[in-house]
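Asks: If you want the building blocks of each chain, they are given just below.
Protein chains: 2
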Amino acid sequence: MKESLDFIYKEQKELGKFGGIASLLGWDQMTYMPSAGGEERSDQLSLISRLAHERVISDDFYHHITRLNEQHTYETLGKKDQMVVKRLLDDVEKSRKIPSSFVEKMSKTTTLAYMAWQEAKTQNKYKHFAPHLEKVIGLQREYCDYMRLPGHPYNSLLDDYEEGMTVAKLQTEFSFLKPKLVELLQKITASKRYEKQQELSIKADKIKQQEISMFLFQKLGLTHDKTRLDESAHPFTTTIGDDDVRITTNYNHDNPLFSFFSTVHEAGHALYELGLPQNELKDTVLSDTPSLGLHESQSRFWENMIGRSEPFWSYFYPVFKKTYPDELRLMDPITWYRFINQVKPSLIRVEADELTYCLHVILRFELELLLIEGKVTVTELPSVWNQKMNEYLSVVPQTDQEGVLQDMHWSGGDFGYFPTYAIGTIYAAQLYYQLTKEHPKITNEIGWGEFSTTLQWLRTHIHCHGRTLTADEIIKNTCGEGLNANVFVTYLKDKYYQLYDLS
Amino acid sequence: MKESLDFIYKEQKELGKFGGIASLLGWDQMTYMPSAGGEERSDQLSLISRLAHERVISDDFYHHITRLNEQHTYETLGKKDQMVVKRLLDDVEKSRKIPSSFVEKMSKTTTLAYMAWQEAKTQNKYKHFAPHLEKVIGLQREYCDYMRLPGHPYNSLLDDYEEGMTVAKLQTEFSFLKPKLVELLQKITASKRYEKQQELSIKADKIKQQEISMFLFQKLGLTHDKTRLDESAHPFTTTIGDDDVRITTNYNHDNPLFSFFSTVHEAGHALYELGLPQNELKDTVLSDTPSLGLHESQSRFWENMIGRSEPFWSYFYPVFKKTYPDELRLMDPITWYRFINQVKPSLIRVEADELTYCLHVILRFELELLLIEGKVTVTELPSVWNQKMNEYLSVVPQTDQEGVLQDMHWSGGDFGYFPTYAIGTIYAAQLYYQLTKEHPKITNEIGWGEFSTTLQWLRTHIHCHGRTLTADEIIKNTCGEGLNANVFVTYLKDKYYQLYDLS
Chain A
1 MKESLDFIYK EQKELGKFGG IASLLGWDQM TYMPSAGGEE RSDQLSLISR LAHERVISDD
61 FYHHITRLNE QHTYETLGKK DQMVVKRLLD DVEKSRKIPS SFVEKMSKTT TLAYMAWQEA
121 KTQNKYKHFA PHLEKVIGLQ REYCDYMRLP GHPYNSLLDD YEEGMTVAKL QTEFSFLKPK
181 LVELLQKITA SKRYEKQQEL SIKADKIKQQ EISMFLFQKL GLTHDKTRLD ESAHPFTTTI
241 GDDDVRITTN YNHDNPLFSF FSTVHEAGHA LYELGLPQNE LKDTVLSDTP SLGLHESQSR
301 FWENMIGRSE PFWSYFYPVF KKTYPDELRL MDPITWYRFI NQVKPSLIRV EADELTYCLH
361 VILRFELELL LIEGKVTVTE LPSVWNQKMN EYLSVVPQTD QEGVLQDMHW SGGDFGYFPT
421 YAIGTIYAAQ LYYQLTKEHP KITNEIGWGE FSTTLQWLRT HIHCHGRTLT ADEIIKNTCG
481 EGLNANVFVT YLKDKYYQLY DLS
Chain B
1001 MKESLDFIYK EQKELGKFGG IASLLGWDQM TYMPSAGGEE RSDQLSLISR LAHERVISDD
1061 FYHHITRLNE QHTYETLGKK DQMVVKRLLD DVEKSRKIPS SFVEKMSKTT TLAYMAWQEA
1121 KTQNKYKHFA PHLEKVIGLQ REYCDYMRLP GHPYNSLLDD YEEGMTVAKL QTEFSFLKPK
1181 LVELLQKITA SKRYEKQQEL SIKADKIKQQ EISMFLFQKL GLTHDKTRLD ESAHPFTTTI
1241 GDDDVRITTN YNHDNPLFSF FSTVHEAGHA LYELGLPQNE LKDTVLSDTP SLGLHESQSR
1301 FWENMIGRSE PFWSYFYPVF KKTYPDELRL MDPITWYRFI NQVKPSLIRV EADELTYCLH
1361 VILRFELELL LIEGKVTVTE LPSVWNQKMN EYLSVVPQTD QEGVLQDMHW SGGDFGYFPT
1421 YAIGTIYAAQ LYYQLTKEHP KITNEIGWGE FSTTLQWLRT HIHCHGRTLT ADEIIKNTCG
1481 EGLNANVFVT YLKDKYYQLY DLS
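These protein sequence lines are chains A and B, in that order.
Everything in the first sequence is counted per this note's numbering, starting at 1 for the first residue and increasing by one.
Everything in the second sequence is counted per this note's numbering, starting at 1001 for the first residue and increasing by one.
The shape of chain A in the complex, shown without the other chains:
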């Protein structure tokens, strides 16, 4: 037993190291790597992920885990060891369901699909991408066949990102949420304020944006001994070690708000990663997030519930105005607050406002289901996409570049991933509701630019649990109920009724 325990803890620790190394390879690729280094980098990443995968599915590892899981042994284990064994067994059995040949096929297919997508997007030629997408979808179905979770085949895809989530549960929430969002959106677009709403163009050089991002970084509680803020084409957060979590942003000259909000968003991810258990759970499978939805709840919480709130801007408006005195010259704080919360149905998810964002996500979820079920073919996909865009957002892409080709996720085979964006957004609203209930004066603190109570609350309610509980359990323990889109809808109504003078 001692031998098996030693083995599985050593193995978890080394798997953690592989993960950190892969993260560094990826971080460098996106930030500082000279362009010609790409080919070799891809080989280096493959090598590390292959070595890690071999460890996960090795017979030795499985043997030790199953030995510890035998009833008479299991009963003698401490509580932590029991949790570790259960989690590991689930993870490893899942990985062992997938033949190595499939992993290889998937990797090759998505590499080609990604290249085809890039070309297709540049040239606006969906046809060029379609046969690759066809293959990717075929492989998704094959994957579901290996996994065979109960219920809808898509459950097997969902489960990789959001353990325990099902199509049935999501459909319940989304079928409630979608019409509410569409209805609110229509009210807004029919309002006088919307009619008068003007686009404001702020231009800002990189240095100014960097200054303000760095100020934010520190204000939100990130410190330079454990975190960095760098630049990359697409903002991301990555964990290289327990005490080395890095975020990136992108400085867009014509839209300094992009770097601002993406810094807040990624800071939310980083604060979570840094808050994961470092005690006796360090270097185990339990010192991790239970789901991407929960992870996204942290970034969306900081980005939206805090970063787009009135109290937040009562602190940040003067800071912003100091950095951009000319641009904000004619705007009072309330005009500015309205401005950064403008609703505007648009084509691209990553540019969407807080209200329309989830409609983009629901659209993807519905399309993924239809594709997996075979009810929509790859050929039909662009027109179904456009129909749904029109139906939900009243905008129609003029080209596939702006539509079905807009992002790379499908080329990479990431089916089942999109819903986590909406799950996280809903969780974020639920958490904020609960926080204000427990700390009715929290908005005062936020208005002073003081976030420590908020962070501490997230630390003790969310972060510290790591993967000892599921996302659902953590949210239930914290908020008294699981995923509930109604809380999100109430939040949106309160916010936008006020902003757009609706009644």
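Since the hints were made in silico from the structure, they are not lab data.
Take every hint as true, because none was put in to throw you off.
Derived Cβ-Cβ restraints for the label pairs, each shown as a range:
| # | chain 1 | residue 1 | chain 2 | residue 2 | range |
| --- | --- | --- | --- | --- | --- |
| 1 | B | Met1408 | A | Glu75 | 51 to 61 Å |
| 2 | A | Asn252 | B | Val1350 | 41 to 51 Å |
| 3 | B | Met1408 | A | Ser46 | 34 to 44 Å |
| 4 | B | Met1030 | A | Gln278 | 22 to 32 Å |
| 5 | B | Ser1049 | A | Glu75 | 36 to 46 Å |
Result set (BS3-like, lysine-lysine): computed pairs, CA atoms no more than 27 Å apart in a straight line:
| # | chain 1 | residue 1 | chain 2 | residue 2 |
| --- | --- | --- | --- | --- |
| 6 | A | Lys108 | B | Lys1002 |
| 7 | A | Lys206 | B | Lys1226 |
| 8 | A | Lys108 | B | Lys1010 |
| 9 | B | Lys1105 | A | Lys2 |
| 10 | A | Lys208 | B | Lys1208 |
| 11 | A | Lys10 | B | Lys1108 |
| 12 | B | Lys1493 | B | Lys1196 |
| 13 | A | Lys108 | B | Lys1013 |
| 14 | B | Lys1013 | A | Lys105 |
| 15 | B | Lys1180 | B | Lys1169 |
| 16 | B | Lys1206 | A | Lys226 |
| 17 | A | Lys2 | B | Lys1108 |
| 18 | A | Lys13 | B | Lys1105 |
| 19 | B | Lys1108 | A | Lys13 |
| 20 | B | Lys1208 | A | Lys206 |
| 21 | B | Lys1105 | A | Lys10 |
| 22 | B | Lys1002 | A | Lys105 |
| 23 | A | Lys282 | B | Lys1108 |
| 24 | B | Lys1013 | B | Lys1282 |
| 25 | B | Lys1135 | B | Lys1108 |
| 26 | B | Lys1206 | A | Lys208 |
Predicted model, so just to flag it, every value in this text is computed and none were measured.
Just so it is clear, CB atoms sit at the ideal spot from N, CA and C, and this is done for glycine as well.
Following the hints, complete the assembly by docking chain B onto the known chain A.
Replies: What follows is chain B alone, placed relative to chain A:
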């Protein structure tokens, strides 16, 4: 045979990947890693080096190499395969001589010794470091016992850095070189010019230093698609992939020449790495340097033979003056050229001028020999150090911080490494002599800030050979003779007789 060939080529390729990954981990540690990431980074590096070492000494690998090396098989191999097999067999047999327990003991001992050295240096307490050094030296002797190269035990240490080099050969060169250097130094320090020589203090902000380093970087032929220039406490070059070679420098406010010359030095290393064979030798043991001395010959060539030469500064003086107009206001080009070539015996090797540099190196070599031979004890070491400093350079450290504790090499167990600094310096002079013989007008080109002929010459004579030849063979083929300190002495005499008006 096909199976064995496939195996050894695949293994070399993956070992190359491990090497690149380790380089990235190291590069990041020295440049961008948040400070708290250090502990985990050290674990990640250990993991990668252990995995790579296990591959090198694996029975499988050895089995395939020896099978290919059997006469009847070997004879059927192509020339490249034959070279690869020979080199691999040598490398692997060498690695297999060392028990894994020893590797581990060495790693633990040097980790502790490094920490002790840091503390000892900060507090100027040699006694604190001495017992650790004692252990390190014991392990060096043990290493020599495993290796058992012919002749002096120290040959086994030398060979790791400079294949084929021996104590006997070095003693021949150094016993010629040392008195010549001391004699020339004494002539200089007795000269009128030396007496009048003034220290010039230039201060420069980082931005200016960065600008000029970046200009240099490009002028010397480095390009941003394959190279980067970053900042670290100690300048270094590292190869992360065949097309991803990075250099660093350090910006010292009180000495902008440090970043200037270190950039030239590291650029020399990087140009060599980028010039290593990329053809059919790519991803083999032959696409590497045969020795650190040869590597250092490239950095010292660019730093000294080019970077401290009169033609080089006839191009760079105006550039420098444009960046530092105030500082260079009162200096004409020849005064500036004299200034950057000032001889000044000093305590610290890394700050030494071109003439005294090798005396520091010879001192270390002699001390290492005495320590390995047991003729000087660890307790006696500081006083022997000081005696020799006085004898060769006429300066005596006032503290051990400036003396025996000045750098970390010994704490890391890098015995046998110092001589490569002198070997590289001598080779550099030989190469420059040969270059000017073959291209008598090369100084004109250099004077125009044009280095392509020089680089091309190094590419075809040195870089392209990789490890298909030994350093000695490469130098012999290029210069008509092996290591010859006399060429270096002649170069120094020519240069310093003119600079100090000697006769």
